[in-house]
Each structure stands twice: as C-alpha cells, then as structure tokens.
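Start from chain A and add chains B, C, D and E according to the hints.
Residue numbers (UniProt numbering), protein chains in the order written: chain A, 1 to 334; chain B, 1 to 177; chain C, 1 to 317; chain D, 1 to 665; chain E, 1 to 314.
Heads up, some of the hints might be wrong.
[To be verified] Sample of chain A residues at the chain E side, in silico, Cβ under 7 Å: (1) A187; (2) C233; (3) A235.
[Unchecked claim] Straight-line distance between alpha carbons at most 25 Å, and here's what the computed PhoX-like set of lysine-lysine pairs gives: (4) K22(A) <-> K124(A); (5) K226(E) <-> K624(D); (6) K130(D) <-> K226(E); (7) K517(D) <-> K316(D); (8) K77(A) <-> K63(B); (9) K270(A) <-> K588(D); (10) K76(D) <-> K588(D).
Simulated from the structure, these hints should not be mistaken for lab results.
Predicted model, so just to flag it, every value in this text is computed and none were measured.
No residue lacks a Cβ here, since even glycine has one placed at the ideal position from N, Cα and C.
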Amino acid sequence: MPQIITEQNLRSLIDLLVKEAKLVVGPKLSGSVVLYEPLTAGSDLTLDALPRRSSKELFFPICEDILSYKRENGAMKVADVDRSKFPETVLIGPPPCDAGSPAILDAVMSWDYKDEFYLERRRKSTIVGIACTKGDDACFCRAVGLAPDAEAGSDLFLTPLKDGSYSCKAVTEKGEALVAAHLNLFAEGAGAEPVPFVDQAVEKLDLVKIKKWLEEHFEDPLWEKIADICVGCGACAFICPACHCFDINDEGSTDDGVRRKHWDACGFSKFTNHASGHNPRDVQNKRYRNRIMHKFKYYDDKFGKTLCTGCGRCIRACPVGIDIADILAQINRG
Amino acid sequence: MHAEHIKHDFEPKIVAFVCTWCTYAGADLAGTSRMQYPSNVRVLKFPCTGRIDPVFILRAFQKGADGVLVSGCHPGDCHYMAGNFHARRRFAAFRALLSFVGVDLNRLQFSWVSAAEGGKWVDVVTELTERVRTMGPMPEFKELEHEEQWSTFAGASVDKSTVLNSPELKEAYDSIG
Amino acid sequence: MTPGKKRLSYSYYPGCSLHASGREYDISTRALFKALNVGLKEVPDWFCCGATPAHNVDELLSLSLCAKNLSLAEEVEGDLAVACAACFSRLKTTQHHLKEDDSKRKQVEVAIDGPAALNKPVKHILEILAREYGLAKLEESVKKPLLGLKVAAYYGCLLTRPPEVPELDDCEDPSIMEDLLRALGAEPVKWSHRMECCGANFTLSRPGVVLKLSNAILESARFAGADCIMVACPLCHGNLDIRQKEIKDAYGAPDSTLFGNIFGSELHGGSAPDQRDLPIFYVTQLAALAMGVASGSLGFESVITDPKPLLRDKQLL
Amino acid sequence: MSRIGVFVCHCGENISRTVDVEQVAKAAGEIPGVAYSCDYKYMCSDPGQTLLKKAVAEHKLDGVLVAACSPRMHEKTFRKAAEAAGLNPYLCEMANIREHCSWVHEDRDMATAKAKDIVKLMVERVRKGKSLAPITVPVTKRALVIGGGIAGIQAALDVADAGHHVIMVERDPSIGGHMAQLSETFPTLDCSQCIMTPKMVDVANHPNITLYTYSEIEKVEGYIGNFQVTVKHKARSVDESKCTGCGVCMTKCPKKKIPNEFDQGHGMRPAIYVPFPQAVPNTPVIDRENCTMFQSGKCGVCAKVCGPGAVDYEQKDTFTVEDVGAIVVATGFKLYTIDRKPEGSPIQGYGEFGYGTIPDIIDGMTFERLASASGPTGGKILRPSDGKEPKQVVFIQCVGSRAREKGISYCSKVCCMYTAKHTMLYHHKVHDGQAYVFFMDARTPGKGYDEFWRRAVEEEEAVYIRGMVSRMYQRGDKIVVMGSDIQVGTQVEIEADLVVLATAVQPQDGADLLAQKLGISYDKYNFYSEAHAKLKPVECATAGIYLAGACQGPKDIPDTVSQASAAAAKVMTLFAKDKLERDPVVAKVNEKYCVGCFACKKVCAYGAIEEKEIRDRQGNLVKKVAYVNPGVCGGCGTCQATCPSKSIELDGYTDEQIMAMIEAL
Amino acid sequence: MNAKANKNQVTSIEPAYYQAITEAIRKEAVQILKDETVVGVVGYLPGRRKGTASPALVTTVEEAEKLIFSPACVNNLSVYLTKAKKGVLKQGKVGIVAKGCDMRALAGLMTESQLQREDLFIIGVVCPGVYGFGVERTGTLTEANIARKCRECTVHMPEGSDVAAGTHTELADLTPEEAEEMARIEAMPQAERWAFWKEHFSRCIRCMACRQVCPFCYCEQCLCDKNRPQAVESSPRPAGNMAWHLVRAMHLAGRCGGCAECERVCPMDIPLNLLNRRMAQELKELYDFEAGLTPVEKGPLNEYKENDDQSFIK
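The following block holds chain A by itself, in its conformation from the complex (with noise of 0.2 Å):
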C-alpha cells in the first residue's frame, strides 16, 4: 500500500514528534556544516547534503559514559549508567548508504558480547530512510552492493518524487507503526513520478573476487605504496557509518572519575599499541591493510556482510586524497 507524504507534512510529521517528546534526529545546518543533530522543529530537516558525519552516532555515539566511580572510606563505588532513560528516537532522512549502516552493525553488536548501549537505542529507534538523489563522484554505494534506493536498514523509506512529495514504504512493523500513528499525513495513491537517480562513476564491484584477494595478499607491495601517503589520522574511521571501533578511557583521577567510550581508528599508530610498548601494527601499512581487510574479508568472514556502505565520505574527507573505490576498482580489475 504506498502512502505519499508530501515535504510539507514531513516537517510536520517531525514537529509532531518532537511535541510527543521523542527525540528526532536528522540532518541539520550546523554552523557551517550539516551533521545528524536533534532536530527541534521540521524546518530544521536539510536535506540537500549529505551530513558530514554518518548517523551511527545515534547508536553508538562520539562519546558516552559507561560508569562513574568513586573512593569512599577506602571502598570504590561504582555507579552504572541508567539505560532505561535512553529516549524514543526517531530517524529522518538519512540515504541508504547512512540507514543502512545499523543492518550491518546489528551484527557485530549482539555477537559474542551484547553492546547493550547499542541494542537499548536501537530497540528504541525508528528509522526513516530517504531514497538519494544527489551523489557525487565520490560515491560507490552501487559498487559494494548497496543502492541510491536500498531499504536495508529503514523502518520507513521514502523517495522522493518529482513534484516534491514522497512515496512511502513501510519496510518494518515499526515503519508500520509511525505511519499508523500518523495516518492523517499520509496519503494514498501512485503519486507522480520519482526523481532519477545520478549515475555513479565507479564500476561494480566483484565483491568476491575482491575478497579472494585479500585473502592471497596479506602482504602486497600495495600497502606500502598506500602508506606511503596516509598520514594516520582516523578522519575516514570516524565519518564512516560503519566503523564501529572504540577505546575505553578512565577520566579524573584513580579515586573519582568517569569510565567512557569513545570512537577510535584503526589509522592511528596508538590503536594496537600494547601495555608492554609493543605494537603489531607497528606501521601504517599494517594499519591500512586492516581498515580494508576488516571491511571487505573479516566481517563478511564473521557476519556475511560488507563493513562499507559506499557513502564516499572517506574519500571526501581523506587529508591525502585516499581513494577507496579507486583502490577496490583496481583490485577488482586484478
């Protein structure tokens, strides 16, 4: 049953849902960039770039405590944080590649250990996803599988049609719900017809014939050329919708403090470096290779999933101009 939603009610559909005291997050002119942030009314949707962060610090944010302790009479008392506070949330307006990052994450997440500072937000978040577009020549998601119209990992999916309304797919019962919620914002119909999507430069990718490689080049002259220019910092880590990786700090001091988690990057010198002063990724060629290797062979190895989204953030952002999707093009080719 396609519903059609036009730009208008979309914001109003955000206006409702900040008065019913969930938290709406969307893309959001901040000073002069535009990040996910807590939007406050609908006329705080930007929708014609792509934010320069992903959203996946909705789920997993920059920065949480995890626990706070102190020294009392010579015993430490810890406190846990109360996660049943975490708010209802709403998602609006991410593009495939950036909604689709919990599909691949979720894995990871309740793997071995349950990151249940992860699961609490995402059992209590609805994600509405927006078919793209735009895109630019950094963009690949076509190539690792994904597409401007991926639903994977939207509740709700909209596309966006050429009269500037949207048409409506209710991709999970929680999709379902919001709309049901909301029903009078909705409409029925065909709707006009959708706007084209832009074509992407980089060729599709064999995925497995990518990882077949990997698997033959641990060592490669190919790192080392890469290496010779990444300067390690952790720019593309951190942008990325699905790098997921984090280090644990104690903040104040040994009696009264803060345990909290953080993003980290497998880019940095620091990342593996041992108590004991020794580090097995001692050089950034090491480093890179495990950024590609943990995205194209480790995690598909465990999960059956690629850690890439194809958003191109990371070639946008990279200080020495990096290319990915160059890089796997030219893998790919053999």
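Frame of chain A; chains B, C, D and E shown alone:
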C-alpha cells in the same frame, strides 16, 4: 590589610603557581610578618616559573579555579638565571591565546614577587581575590566540563516538562487536517 | 628593481635661504642633479621650516611647520632631498620627536589638520651624493677633477648632531665630506675646527660672537694649508664668506684670538701672519664644477670672497 | 595503594590558635592513600620526630607529610627523620600551614578549611612522588687555570698549595699579564714588578703547577669534576727542554727594531725574544712574522749561536688533552683602543681625539711603561714624538667608560685611582711640570683610596677639572685640548705637551670565543657572567667553572686577588670530596619518545643538555635524542615546560605530581 | 611607488600555467632520479576524481613522468619527511615539490633538527594559489575557488629551493577573508568569542587529522594521547576538545609556518588556522618574529631578551 572575618556570598577559588626561591619565600615572609590576606589562595610550589606549563593553568581553570596567579622572581633575579625570562614569553603568548578564545584575562594574574616582598604578595593575592570575587564564579570552563555531545545523553535535550497532553496533540493533528 | 637601471629621483625642499641669501646653493644643486641625471622635483607650496630660532620660541609651532612641510612633501614622489643643514636638522628632528612622543604628535596633527608624514625619508644632499648615487659612480662621472685643490671640509654643528637625529655619519668624527672631496679629485686637509660652531644666527643679534667663532674656523683652515672651505649650510656660508673681511679687520694676526685659554701657556707662532682669502664653496658648487657644469651657472659671481682667482689658479675655470 | 602518614603540627599555638589541627588530622585520615594521621604539639622536637619514626615503622608508611611550617624551615629536619626511619627522604614533604595559613588568616573556619586543602594537595604530591637517590659525580682533582696574570697566578698558587695539581695556560710567551707592565701600584706606590715577579717565579717552581705558556684552549668537553681540555701549544721555535735562557740568540738576532708589545710598542725587541727581562719562563720565542728566516728562508743566526741547539725552525703546534675537575677563568682585560669605530661593533670610536694620529696622545698603560724603571725611557717621562720632557700633561678620565652614547655604559673602576697615581708619578719626576685631569667624578671606594686621591689633588698639585673633552688637535708641537669645566661653566682649552687617556677596560680579544668553548655566558661587552650577582659572584652558571679577575668586569689588583683566592677556595671545596653529591632534582629524558627537536637544549641556561645518538645493534643511527647531564643540570624545569611531548621530566616536580595536585584542588 | 605595479596580476590562472609547472617538475624529477641525486621524489599525482591530486613518493623515472602540479595540489608535503612522523626519508637524499608555504615548514623543521638541508633536493613551485575546500575544481584558479590562506600569500616565490618552477603570477584584488575574519572575532565581546570557539570546538571529533597532517606535530608521544598524567582528556567532549586545541595552538606558537593544512583537513570545518595566525601575530608584535624561509637558531619561545615586554606582569 584585609579584614578576614567579613563573610562573603562568594568565596572564589584562587590557585597560585609560584617559584620556590622568590614568591614562595615572599609568601613565607608575609607569614612571619603576620600580614593578613584572604584565605582563598592555594599555593602550588615549583622550582621556577620556567617549570610552569600553560597546561597547568588550563587544568586549574578546568578543575574549578576562578582565578589563577603565576608568580616568580623579578627579571634578573632568577635562581636558575633565565627561567623567568622564558616563562615571561611563554605566558605572554598564552595570554593572547586565552583572550582570543574569549577568556577574561582579569582572572589570570602574573606577578614578580621577590623573597623580600611579603607586602607585595599580600597585595597581589588580595587584589586578585577581590577582583575575582566581584566578577563571580568563572563559568566558562566549568560549564564545558559538564557539556556533552548531543548523542552522549541523547534525550537530555528533550524537555520532559513539555510532555504532551493529549488535547494539545489533538489540536496539532487537527490543524494539519 | 635593479639598481642602476632605474633613474634616481627625489622630491626637493630648498628652504628659504636657498631662495635668498643662499641662492648659489640652490642653483648649484639643481645644476648638479641635472648633470648627474638625478630627478629633483620641488615640493609645491612649501614654506619656512622655522629654521633654528622657531623651536626656541614655540615648540609646537616649530614642529607643526615641519610636519606640514613633510606632509606636503609626501605628495611628491621620491625621498625628500634637503640641502640646507638647518632645514635638514629641523625636518629630521620633527620626525624623531613626533615618533617618540605620541601626545605631541596628536597635537601637531590637529594643528596641521592631517597626519604627520613621519616616515617620509628625509635625505641630505651629502648622503644622496655619497651613498645613494654612490662615491664610485660619482668618481666615474667626474669630468674635471678638482686636482690640487686643498679643501677644508666644514661640517658645522647641525649636520651630524645630535647623533640619533640626522644619522648621517659619526657624530664627532665624520668623513662623508672628505670622502666626497676625494671622489671629486680634490685634496681634503686635516684640520681642527671642522665640527665647531660658526656662531650661526647670532650673526644678527650678537655679531661679535660670530666674528670670534668664525675667525677661529678660518684661521684653523689656513693653518692646515687649505685653499678654501667647503660647507653644506647657507648660514655657515654666510658667516664665513660675507663676514670674512670684517673678521680680518677685527682680529688681524692669527693665533692671538683663539678663545679663552685659562690655563694658558705660551702660544706658538712666529711665522708670518697668514691672511689669505679663503673662498667658501657649497658642496654642490664643487661637485657641479667637477662634473663639468659651466662655472657661470654656479653662482660664483654672487659671493663676497671671490673664488675665481683660486679656481683660475688651479686651472678649474 | 599508598600508605601515607600525615602529621599535623600545632607549633605550640602558632598553628593551633587559628587552625583546628585535630580536624585537619581527621580530614587527612579520610584522604585516599592516607594510612595514618595524627596531630602533635611540636613535630620538630625530638619527641615529635620520634613519633614520626615510630609511626613509619608501626603503620608501614611509604610516604610522610608533615603539615607544619614552611619547608624552607624544616624540610631538611623531617627528611632526615624519614630517612632514619628507612624511608627515602624525597618521599617526605611538608604542607605549609603556618606561614601560608595560620599566620596570615584570622578566621578559624576558613583557615582550617584552607589547611585541609593544603594537606590534601600535598598528600597527592607525596603519593605521586618517587624515591630519588642523590647524584654522585666523580671528581678529577686537577684544576685548570686559564690566564697567567695576577688573577690566574693567585688562584693557581692557592690551589697548588692545597696539594692539588694545577695546569696553567697562558696565551703569551710569559706569564705576568698586565700587572707586570705596571710601574707602581696605588694606593701604596710600591713597585709592581717587585711584588709580582716573585709570584711568577713561585708558579714556575711549584711542584704542583704545570705551566703552559704560548698556549691556548682549543676545546673543552665534559662537565664539573670531569672536564677534558685540549690545549694548543703554539710553536715557539725554541725547544724549552734545551734552552738555558742565556739570551745570546736575542743579542745576535740581526732584526732588532720590532716594537715591543710589552712596552706598548714604545721599546724595541728582536725577532727572537722574551717579552721582558723577568719573563717566566725565560725561554725566548721566535716571532715568525718578523723573522727573516721564516719570511725569506735566509738567516738562521740564532740557531747558529745557540749552544744547546734549542732553536728549532721546524717546530709545529702541538696539542695535549688534560683531564681536570675544575676550571678557573682568569683571562683579564685589554684597554679600549679608541680611534675609529670598530667594524660591526656597537662601540663608537673617538676619532675626534686624534688618538693614533697624534703621537703624544697615549693611553694609561703606555704612561705606566714610560714611568717604569724597566720601561723604554728608563723611568723618565719623555714624550714619544720627540723625546722631550712634557711640561704640561693632560689626563682625561672616562674615555670610553660611562659613555652610553659611545657604546659602553659601565665604569672601568680603576681609572680614577691610576690617573691620580699618574699625576703623582709625573709630579715626582717632572717637578716643574703641571698635570691637568679632566674627570666626571672621582670614585675612590677602597681602603686608603680616597686619602690617596686627595693627596694627588691637595699635595701633588694636580689640577682637576670637572668636565669632558670634546676634541684635540695638533698645533705645532702642542696638542690643543678643548674641553669644558662644568664647575666654572666655561669652555677650556689647554695646550698640552702630552695627553694621557684613561681608556675603558674591556675583556680580552676572543673572550667570547673562549666562553663558547667553555659553555659559559657573557654579557654584551663580552665580560663573563657570574651565576648570581650577589650570592655567586665567583661561580659561573656552568658548574665547575669559576671566574677570577677582570675577565668578569673591571677590577683593581686587591679585588682581583681576593676573587682569585675565592675561586681557588671554590675549587678546593669541590676537591675536598672524592665524589660530588648533588640534589637529585634534575631532568631526565624519555628516550623512547624524544624526537630530538632540542627545544630543551635551546632553553637550558646550564648547557646541561647534549645530543645523544641512538643506534641499533648494527650500529645504524636510529635517531638523535636529548641527554641531560645530571652533573650539570640546575633543576629549573624550563626544559619540561618547553618540551611539547613532555619527553623530558624534572624529578621531584613531575607532571604527574603537579596534575594530581591540581586535580585535588 | 605602487607596490602592485610590477607584479604580474591576472584575473584567472589558466591550466596552461600549471601545465608548464608540471612539465618543469617532471623534467627535474626525472633528471635527479636518473643521475641518482635522490632516492625518491615526494610530489603529486592526479587523483581518480576530476580536479583532485594526491601526494606520492615516486622512485622511478616512469612514475616521475606522471607527476603533476595543479590547483588541487593542496598538501604540504613536508609532513612526509620527518623521521618521527612518516620518515620517507629513510636513506639518501629525497626530492620534494614545495610551494612557498611548504618551504616555511621545511625551514622550521630544519630549525628543529628534524631535517638537514643537504638531505633534500627542493623543487620549488612558484605557486599562484590552490583550491579552497568545497569549491568548483575546473582546472582554472579564480577569485571564486582560491583557498583562503592563498588570498594573503606572501611567499609565492619558493626562495631557497634548488630549482624553481613557474613564473611569478598571482590573482588580482583578492579580499583578505581570513584577516577580515580575524578582525571580526577580535572585535567581538569576550563572551561572544568564547561562544564562537565553544561552538566550533564542540563539533570536534578528535580524528586528529589536524595533528597528523601538521608538519610540526611530529611528536612520537602527543601530550593528548598521554594518560599518566592526563593533561588533556582524550575523549571527544567539549572540555577536552577545548583543551586540546588550546594546547596545540600553544605548542605550535612560534613554530607554525602558516600552511593552514590543519584547517583544510578538518572534516568538521573548524577554522583552526585562526588560532595559529593569532599566535603568529602576537609573536610578531611582541618579538618581531615571523616564520621565514630560512632556518633560525632558536624560535621565539625558545629564546628571550632581558627587555621583553612585561607590561602584563605586576
């Protein structure tokens, strides 16, 4: 001399980073001379102002100081010859930086107090304490300490007091029609 | 900018004297610069710098006079060339003073209704010739070297003093004039009174002082064997040239007149009194002469102590 | 978890009157890491210290904080007590709740609150503190003395008499320095050479002194107690071991008209020469620049006439390396040559004085030589130009000194006195002569100095004119001196037969280069800088190097000798122990993280930081890092504040300690 | 004299200009690799996407023939030379393509003993400017797409390089946007300034791109990575972010060459160069220090004068 028994509404936290040879000794002299000054100041002793890292000042503000004093030997009197000269440049630069990011420099005082200047120590400490007292608590860094990225406590930004009551929501629904 | 390719060019502040009693200085300066192909553009509408007396009477006035002249000069391209030592001193002093004293500067700027041109470079003719045009190039340009001419280079009080203001040369032991003379082919003599005062503007109020002081200078130059004296100041020129005969009348034989010898010993002497006339040249006159400028256009006729016999004797005319 | 003991002192009632010490002790007990706390009437008393020692044992304390008076008062006391109890003394600290609290505040509540805070943050300091061991440095008990003037001689003799070996290095062919040139000395007018030459001989004969003349310092390495000094022995062209000092070579040398430096160029010497008859050693050198043999290869007379065959034209410069534990720098001074402005120097010349062009304008040292019985005139005052006895002599003081506009602002200290002396010597020798002195002030702060000066003015008829000279010129055979008399308010001209200038005292040529080799600092005039103007006037900032004499600043002979003996005493203090013990508050480098930007080295006032190469097992250079020589480090910590990565850390004041204290605020 | 009169000022820099430099770089790089003057050349290669370029270390003649220079060659390549950081300089002499602003970094690194001039062959580029971020990359440089730092460039000429490619050309009438922004911030009331920076720093995600791309951030142990003691919280929270950026500005004071790479690479668009520029301005005013093209003995915060300003000290 400061009459200490007056109770104030606000007692600022003042941290003093001092060198051991001149200012610490000057503060000792103020003590042996039984001079009186506000009790707000907490003194941290360093061998030399040259040892004092701008990070310490930053950290003191972060940890709740309302005012910071850095004090050492007069130029030419440094026990280590040139430590205070290096410190002077370092802090001149640091002041400019703090001012540029919007820190009120009235909360940060530098002084030369020699071992013979017990009276000057009292003056400097009293003046800074009273000035900061009139300015009130330093909000900037303390607020920052408690701020988070929105996603950390996602939901904190939602004001529960406005939790909907149905008539209002109903009205909103109706208006959209 | 490659040196040598670009033509040097200056703005020019002649000052009152150079349009009156020191006209020779002005015309010889213009003639010299023309001969050297150096541009010289007179500042339009300039007026008196206040000279040496004004600052004794009203400091603000004297500073404002100079400041206004400087701002007029700012309108003309090129560093400001000044020939008169007194004008040079006043202009430089004003710049120095106003740079040091902000409140004075503000007062002056109100008075002249505009900013004081404190950074307009002010250059004396001597430094332009010796440094900017350059001694080597000057020597190359000489057409008629002043061979055999023994010259006492006379600096006077103002050219180098006080040291922080003119910054022309060593304050008490300069050599720029001597260097210049050597470049022109003349022979600078070593003499004792090149830095002493000639009496300056006492020439009107207390001529007696001037006669005494200028006499000492003339005597010293004669004693050192000089044929003539070279000056860079119209006032010095006036005192040494116009009053030369008067001095001779007043003092007669040399050596009896050196001022106050309180712990005096016997004075030497014994040789025949030296009463030679000493022509007084402006630096630009001698330089222009050496550059081959026609002597008729250098104002030799309008001075009192006639230089022509000497120049003829040295075959320079 | 640490076990710290906190001991709160009442100091009689000095603390307890305003601070509730019991509460402070109680609060201290609740601080994490504190295992024991108590308060006591007098912690510094014997029972108090015993209490501390007992508590350390009973409660197995691993750190101690005494909250009492200023650490400047009793830190040593309690550290000793802690050490006696088996603790590392550096794990004992003091919280100053007296000078910084009870004595300066009246409100009991607030003072108590403050005392608690002070204790809290000092507990953090103890908790994060580390055991430190005193630094010991072995000491080589040999001293190097640079310079063989009166300063060097005095220092060398004192150290040598104390039984330590001394190496003395002198640049000139003979020791003696300027004092050997002087005629008579103020204020006693005793003959300078008569008191100087015996000391020179003592140096030569002293079994503990090795004398290297005609030698210079080439290189200095190492640090206090352990210097390695390379000495360059310039080729003398005469074998010292063979020469008997008979002097035949000098009398036979065909080239005899070389101006003698010792007589300020007013006497003559041959090309092979000793600077003066009483020279030590009495071995001649060949002045190769003026020797016909060296210039044209023809002559060789000296070699022919030398009985023992000591003359050696083939001699080369040689080098020796001396291990010494301490260095005394006594390189002395030179007199300002005042003609034109030296190239590139901030100092202006006095071209207007005609010095150097008018022969009868001389400096003070030349006058000394004229007045000296061993001088070029045999002690008669005769002027250089024509050898006539001058009847009017003008002395000018402060030529170059105290003349900011000429580039030197300091007072040369000795000129007032020696000019007074000169007028007397002149008056004694030329009875009908008249001396005039131009002066600014007469500075006579010394024992018997003012009496001496007054004698010159009142009894010896010198005419003192307060004012300066502007210009001098030759007129006939006279020098016209133009000056001012500011007391009379008039200009003055004097026709003098001779003018003597008291020119400024300046450091020796090359003083800066030597300082760079030694790693000591110098001021803008190149005078060497002492470590502290008041309290360390003899020590250099660089440990183990001491200053004596005019190389540090203008000085007269008694001051020079005093300082030389003081420097010697410092050397002997250093040599009194086999090992040097130092406070372990010094910086250390974390070589793993140091990246060798050497910002620390650039800010180190002690020159304690060196560059160290880190090599792998194959000997390949991995990187260069900073290394702190603990013997030299002064412990200021400027390096650590400068190091961006904090790869250098000052023991006793680590970032960890300081951050913990800030955290506890 | 009109200072602008004898400069070659134009309204656009056409691709041909960059092509000429490209040719010159290739020729030089090929030559020094052929005659084994160097073991490698750090330069730029074209990126996959139109109008992009990427740093590259080339070691063969074939690779060297592909080197380019275009307005997309934004990187300061000196970051690749320090041992502690990237250490492409493993053995032997290395060639490097350097713009004027990069040359300042090279000079600074020499001052700090991280590089030796004799280990480098510097192929200087007479650079008229490079692209800003998020601009149209058409191949032609104009007022519309030039980087903010290039608008006030004073080092178009790579003085001190071994060879220099290009002739002096620059865009005319560029507004000094950064200077204007500085003035705007300086004119704000103190509280507003604090709000301005708080807003920017709060956005920081601590990806460390600013640090990693900075030629002067070559510490092996960054203060902000240290946790015993922790001077700067490593978690990306507003407090730690503020401390981090202040500490970094302080550590760069007197060293920063003004290449503005930190600002360029910031994925969160924090105007970091303003901090560095403010420090540079202060050090110029107080100690007359300016980062230059030749190494100096000591930076302004590693030396002192006895009469330094102390008007702020009581």
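How the hints compare with the structure:
no.	hint	result
1	A187	violated, 37 Å
2	C233	holds, 4 Å
3	A235	holds, 4 Å
4	K22(A) <-> K124(A)	holds, 10 Å
5	K226(E) <-> K624(D)	holds, 22 Å
6	K130(D) <-> K226(E)	holds, 19 Å
7	K517(D) <-> K316(D)	holds, 23 Å
8	K77(A) <-> K63(B)	holds, 22 Å
9	K270(A) <-> K588(D)	holds, 24 Å
10	K76(D) <-> K588(D)	holds, 24 Å
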